[in-house]
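Given the structure of chain P, go ahead and fit chain L onto it with the hints provided.
First to last, the protein sequences are chains P and L.
For the first sequence, counting from 1, position 185 maps to 185 in our numbering; every step adds exactly one.
For any residue, its number in our numbering is found by taking its place in the second sequence, counting from 1, and adding 431.
Hints listed in this document are in silico derivations from the structure and should not be mistaken for laboratory results.
Just so you know, even glycine gets a beta-carbon here, dropped at the ideal spot from N, CA and C.
One should not assume that every hint holds.
Chain P regions said to be covered by chain L (calculated; three or more residues, Cβ under 8 Å) [to be verified]:
#, stretch
1, 58-69
2, 135-145
The following residues of chain L were derived to be distant from chain P, with all beta-carbon distances above 12 Å [to be verified]:
#, residue
3, K434
4, A611
5, N630
6, I652
7, Y699
8, G743
9, K759
10, E768
11, R773
12, E774
The residues making up each chain are set out below.
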Amino acid sequence: MLENSVALGNSAQGFFIESQRFKTTYISYNFYLPLEKENAAQFALLPFILTTCGKEYPDFSKLNFKLNKLYSASLSASAEKVGDYQLLKMSISVIDDKYALDGEELVLKAAELLNSLVFLPRTENNAFFSEDVEREKRKAIEHIRGEIAEKRLYARRRLIEEMYKDDIYGTPKCGTEADVERITPENLYKAWEYMLSTASIVVNVVSGVLPNNIFGDIKSQLSGIDRSRAISVLPSRPTRALYAAKHIEEKMDVAQGKLVMGFSAGTSVDDEVGAALTVMCDIFGGGPYSRLFANVREKMSLCYYCSASIEKRKGLLMVDSGVEAQNAKKAEAEILRQLEIVKSGNFTDFEFESSKKSIVNSLRGYGDHQEAVDAWFTIKSAVNSPVSPEDFAKLIEKVDKNAVIEAAKTVKLHTVYMLMPEKSGNGEEEI
Amino acid sequence: MQKQIFESEIGESYTLATLDNGLKIYICEKPSYTSAYAIFGTKYGSIDTRFSKNGGEAVSVPECIAHFLEHKLFESEDGDAFTKYAETGAMANAFTSFDRTCYLFSCSDRFYENLNILLDFVQSPYFTKETVEKEQGIIGQEIRMYDDSPSFKVLFNMLSQMYINHAVKIDIAGTVESIAEINSDLLYKCYETFYNPANMYICIAGNVDTKEVLSIIESSIKPCERVEIDRVGFDEPDSVLSNYVEQSFPVLTPIFCYGYKQKIKTPYRRLKSKVCVELLLEIICGEASPLYKRLVDEGLINDEFEFEYFTGRDYASVIFSGESSDPKRVAEEISKEIAKIRENGFDKRLFSAVKCALYGDAVRSFNSVEAIALSFTECAISDYDLFEKIRLLKTVSYADVLKRIDVFDDDLSVLSVISPLNGDKK
Numbered sequence: 001m002l003e004n005s006v007a008l009g010n011s012a013q014g015f016f017i018e019s020q021r022f023k024t025t026y027i028s029y030n031f032y033l034p035l036e037k038e039n040a041a042q043f044a045l046l047p048f049i050l051t052t053c054g055k056e057y058p059d060f061s062k063l064n065f066k067l068n069k070l071y072s073a074s075l076s077a078s079a080e081k082v083g084d085y086q087l088l089k090m091s092i093s094v095i096d097d098k099y100a101l102d103g104e105e106l107v108l109k110a111a112e113l114l115n116s117l118v119f120l121p122r123t124e125n126n127a128f129f130s131e132d133v134e135r136e137k138r139k140a141i142e143h144i145r146g147e148i149a150e151k152r153l154y155a156r157r158r159l160i161e162e163m164y165k166d167d168i169y170g171t172p173k174c175g176t177e178a179d180v181e182r183i184t185p186e187n188l189y190k191a192w193e194y195m196l197s198t199a200s201i202v203v204n205v206v207s208g209v210l211p212n213n214i215f216g217d218i219k220s221q222l223s224g225i226d227r228s229r230a231i232s233v234l235p236s237r238p239t240r241a242l243y244a245a246k247h248i249e250e251k252m253d254v255a256q257g258k259l260v261m262g263f264s265a266g267t268s269v270d271d272e273v274g275a276a277l278t279v280m281c282d283i284f285g286g287g288p289y290s291r292l293f294a295n296v297r298e299k300m301s302l303c304y305y306c307s308a309s310i311e312k313r314k315g316l317l318m319v320d321s322g323v324e325a326q327n328a329k330k331a332e333a334e335i336l337r338q339l340e341i342v343k344s345g346n347f348t349d350f351e352f353e354s355s356k357k358s359i360v361n362s363l364r365g366y367g368d369h370q371e372a373v374d375a376w377f378t379i380k381s382a383v384n385s386p387v388s389p390e391d392f393a394k395l396i397e398k399v400d401k402n403a404v405i406e407a408a409k410t411v412k413l414h415t416v417y418m419l420m421p422e423k424s425g426n427g428e429e430e431i
Numbered sequence: 432m433q434k435q436i437f438e439s440e441i442g443e444s445y446t447l448a449t450l451d452n453g454l455k456i457y458i459c460e461k462p463s464y465t466s467a468y469a470i471f472g473t474k475y476g477s478i479d480t481r482f483s484k485n486g487g488e489a490v491s492v493p494e495c496i497a498h499f500l501e502h503k504l505f506e507s508e509d510g511d512a513f514t515k516y517a518e519t520g521a522m523a524n525a526f527t528s529f530d531r532t533c534y535l536f537s538c539s540d541r542f543y544e545n546l547n548i549l550l551d552f553v554q555s556p557y558f559t560k561e562t563v564e565k566e567q568g569i570i571g572q573e574i575r576m577y578d579d580s581p582s583f584k585v586l587f588n589m590l591s592q593m594y595i596n597h598a599v600k601i602d603i604a605g606t607v608e609s610i611a612e613i614n615s616d617l618l619y620k621c622y623e624t625f626y627n628p629a630n631m632y633i634c635i636a637g638n639v640d641t642k643e644v645l646s647i648i649e650s651s652i653k654p655c656e657r658v659e660i661d662r663v664g665f666d667e668p669d670s671v672l673s674n675y676v677e678q679s680f681p682v683l684t685p686i687f688c689y690g691y692k693q694k695i696k697t698p699y700r701r702l703k704s705k706v707c708v709e710l711l712l713e714i715i716c717g718e719a720s721p722l723y724k725r726l727v728d729e730g731l732i733n734d735e736f737e738f739e740y741f742t743g744r745d746y747a748s749v750i751f752s753g754e755s756s757d758p759k760r761v762a763e764e765i766s767k768e769i770a771k772i773r774e775n776g777f778d779k780r781l782f783s784a785v786k787c788a789l790y791g792d793a794v795r796s797f798n799s800v801e802a803i804a805l806s807f808t809e810c811a812i813s814d815y816d817l818f819e820k821i822r823l824l825k826t827v828s829y830a831d832v833l834k835r836i837d838v839f840d841d842d843l844s845v846l847s848v849i850s851p852l853n854g855d856k857k
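If we strip away everything but chain L, and leave its shape as in the complex, we get:
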């Protein structure tokens, strides 16, 4: 095992241990806290659909398997993990996103017992024809629940026009049709590829003892051959299918997602790029920006307005979203503001203020053991130090941020709108 300790001047530190099998373990001790939060995750999400294992032939699998596996892993041959957690009182859950699946628990007592439950069930797959069929019913209902969510639809409608080949355009849970293709063989195939310690990480923050945690993990990780995964790229063109998509829904105010697809050359963005784009977004339309004021004064946006840099393996885009009586105007105004900044730069005072703000947010995130553990998953996937963002926020320059204006290209923008059904308009 290799161990590194990282420290920060904000009075936090953590240990990163890497086991010989490649498993990464992040631990942040918070002795003054009562609770602790733990995640056992794999770099396996809905976009990992084409891959080869140990140099073998590439295979394609349905997009929805990562999520399906997440549901199924809670069942083991000797019972259900929720039943075991119920005996300790821990709160347990799991989630699947585009590039990761995470199993987690939080507790204010009996942490080590809970950790053993987590380590055990994630390493004990158990799927049968019957259990797979039962889960198809439950996930089918989950999918139909999202079918009624306009905020979910508006995002995926946008992604469906923005991405041509990339699997990020597909719902994480899949469709009622795609989950019907799943069987236990497919589940085992994906499990055996992606649930290998070399592709996994454990992230813990809270009232725990690092030494004890490491000793439990070392003795509980089952021996297995290291797996090399080669993920096949998507050959995504630098274009979009269309710049506009609209769907009607039972809503009273239109909802929108306005995104800019970024031309990218490498699979992942560096942390510095992410921080610079985040700063740039605050400058373009953060709450202290001139554009935000204009949009509010003209009645075009409300408190639901938000934006994010949406990026992962082989995809990157900037997304603005919210409610508006006139989404097209909002998109035009954003586009004009970007053009203005490209031409004239931006206010240096605003730059210094948003840097302060993001620094404050980064410090604040250390209040929460949950936020620390979730940030560790990002560190594990993108391979950076948890404190790097705080350091970067002190050093990034005006020029660093301004040059990121290149992520915006009007030809690669997509406006997705959910509009009221006829008769619901007000």
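Okay, chain P solo, but in the shape it has when bound:
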């Protein structure tokens, strides 16, 4: 993989990641905006409305017809939380011209299509069309309501809400239902203008060949916009450690309970500290060799899944598991005991080495997945630390046991969230 970057204007950069492995060209437009409680829902709606219709494609059926004719060019939209920022992504993936059956030009057409959707939406009198806005609002609300159906996701979301009540990171990535209701064609148009003028922008192209003048076209679009107030992505506010952890329990009509534990942890970009945090989290609750899998699931049979993940930008380590109500307290105690073992350095060489090998194995495979390459460079370029997966793999290989212990010492229990069946205790009487 070779990367070339091109400045596209104030706080806007294009990256061409050249790779001959794929049969497709992948282009993504990424807009970073500071997470704001009042505006998160509006911003989150933008990628979706922009990729369902546009000035040149007023009707989503016609747009989808065009995508079919481009051999299933795949148009995607997402709104994610990255630390204290919202990342709005719009992307297209299209098979390369040489695979077209009738010699059609595909890549350039797909690039033009995405450009036109981002910069030329279907609007009139400084407002989106209300039918488009209402349609996307309905879908957004159904999406928010749908989260409750998948209990694992729901429990994770509830933990974040509880843990970050006084922190912007507690804002749901697509806002709340009430926030979505407040979106109007006018305020959404303003949000679109704000996104173009203010966001930190990263455009990635992952392909064998850079489509002709793709960055030039974007540059000329951006030159017509006042980007003097464009933001830079800064480090997020670290998660504050608590003196005494909070415990929250909710009841629902479920068969199995969910136990999610949030910890404050060290923060980093992808430097030596970040590598140590990654290894520590993996020894604790990564693969089948990890402390949580080997002990909480295999040895004690307390749950079917029990794993840890880390958001290093925010300093958040999360453990989630599905447990029977009567085992919840026992599982919580055992998870904390395993963390103490990692902190004291009493993990084995086997766990330590297995963890590093597993992380390196996964990092070295990144280049084989176009979307993973895009995701990696989207995150890295925005924080001005374009470490490649290979560079980060080298940092992982250098992590020693002391660095893991130091990383583990930053981890402190913050909030415990339990979702329990309605007719149950959580096993407290057993302790």
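Using the frame of chain P, we list chain L on its own:
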């Protein structure tokens, strides 16, 4: 060993080798990739519940054994396969579906060592009373996790009304009661029947050398007698138990599965039929279809809407699923659209567009070593060439697709709905 090489104009090729014991090996070299993906699979899934071995008497076993075996095979007498993979850094996993069990790993280094681990543990069953009991606890928790998943329930509720005798209606993992019936004797009996090389396949894609892979496999496959398996059919009638099933759950928007059971005469569908039905589904309600637009404009579906041709040994149905404030209306609209197409045919421009789209998807699938290896499992089970779909998509005609409208029969449809609990309705 017999070897065949298949090539395609999209710049891909693969080798299919068949060993004398019947084991099929598919290998697609991707030298520009860093990683590789390997699967060791058996044609044994949850529906293989009644069978005879080498012409003997037919036996019946609980549905959940294939899945239980999948969990148990990772343990061997000399330790656990995950521990061995941990030493190489590979990512390992396994899955069981209705008609197959697959053990897999992906890695970006030490591929041949990993391949040896895979070959070794899948061929080394080791079950004791204690290990079986421990697994009953873990699988019991897995089953209870699915008990809380409305998307899982909505599908199996539909299948429970659609199929009368066929085991496809039973959860792959079984129930807490059925897994309690399992013991090590049953596990060995099923293992010795279905984990025979003649019933198995190895599928590999990525940065590997075909010659070396074949030499490792040839030297690692343990000698054993070839087993002939006769699977007993289900005697499934061309009817459904009921056309509607509903269950309440803690959800805020109803979830639905709307399926059409197909009357079938042969155990398996040919690839051409599958491709034609896939095209027809895109025409009926794909994102560029008039029906999709209507359903979205009327607020009846959202981005969760999807459809599939759900078919395997002795079963075939078309399933539409998603979230909707009014699942009954969605089902009615789909049924009306099918009737309209049956009567008047469909738009030729749309036909040509969806053909392009499916062709593009087929080309795109060669980006992923995982997707290639998984497609090989389909080739092994249904016995077709990986590139056949790409060729078919260039040649299928309007008439080929239109005649597949016969898979839809309203009398054989089932609508399954998961509705909000009282008080959760919005």
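Results for each hint:
With 8 residues carrying a beta carbon less than 8 Å from a beta carbon of chain L, the stretch 58-69 of chain P meets the three-residue requirement, and the given coverage holds. Using a Cβ-Cβ cut-off of 8 Å, 6 residues of the stretch 135-145 of chain P lie near chain L, which meets the minimum of three, so the contact claim holds. Residue-level check passed: K434/L sits 26 Å from the nearest beta carbon of chain P, beyond 12 Å. Every CB of chain P lies more than 12 Å from the CB of A611/L, the least distance being 15 Å, so the non-interface label holds.
No Cβ of chain P approaches the Cβ of N630/L within 12 Å, the least distance being about 28 Å, so the stated non-interface status holds. At the 12 Å boundary, the C-beta of I652/L stays outside the reach of chain P, the nearest C-beta of that chain being 26 Å off. Taking the minimum C-beta to C-beta distance to chain P, about 27 Å, the non-interface status of Y699/L holds against the 12 Å cut. No beta-carbon of chain P comes within 12 Å of the beta-carbon of G743/L; the shortest separation is about 25 Å.
Every CB of chain P lies more than 12 Å from the CB of K759/L, the least distance being 17 Å, so the non-interface label holds. With 12 Å as the threshold on Cβ separation, the claim that E768/L sits away from chain P holds: the shortest Cβ distance comes to roughly 14 Å. Residue placement check: R773/L keeps its beta carbon more than 12 Å from all beta carbons of chain P (closest about 22 Å). Distance to chain P confirms E774/L as a non-interface residue, since its nearest Cβ pair spans about 22 Å, more than 12 Å.
Checked against the numbered hints above, the structure breaks none of them.
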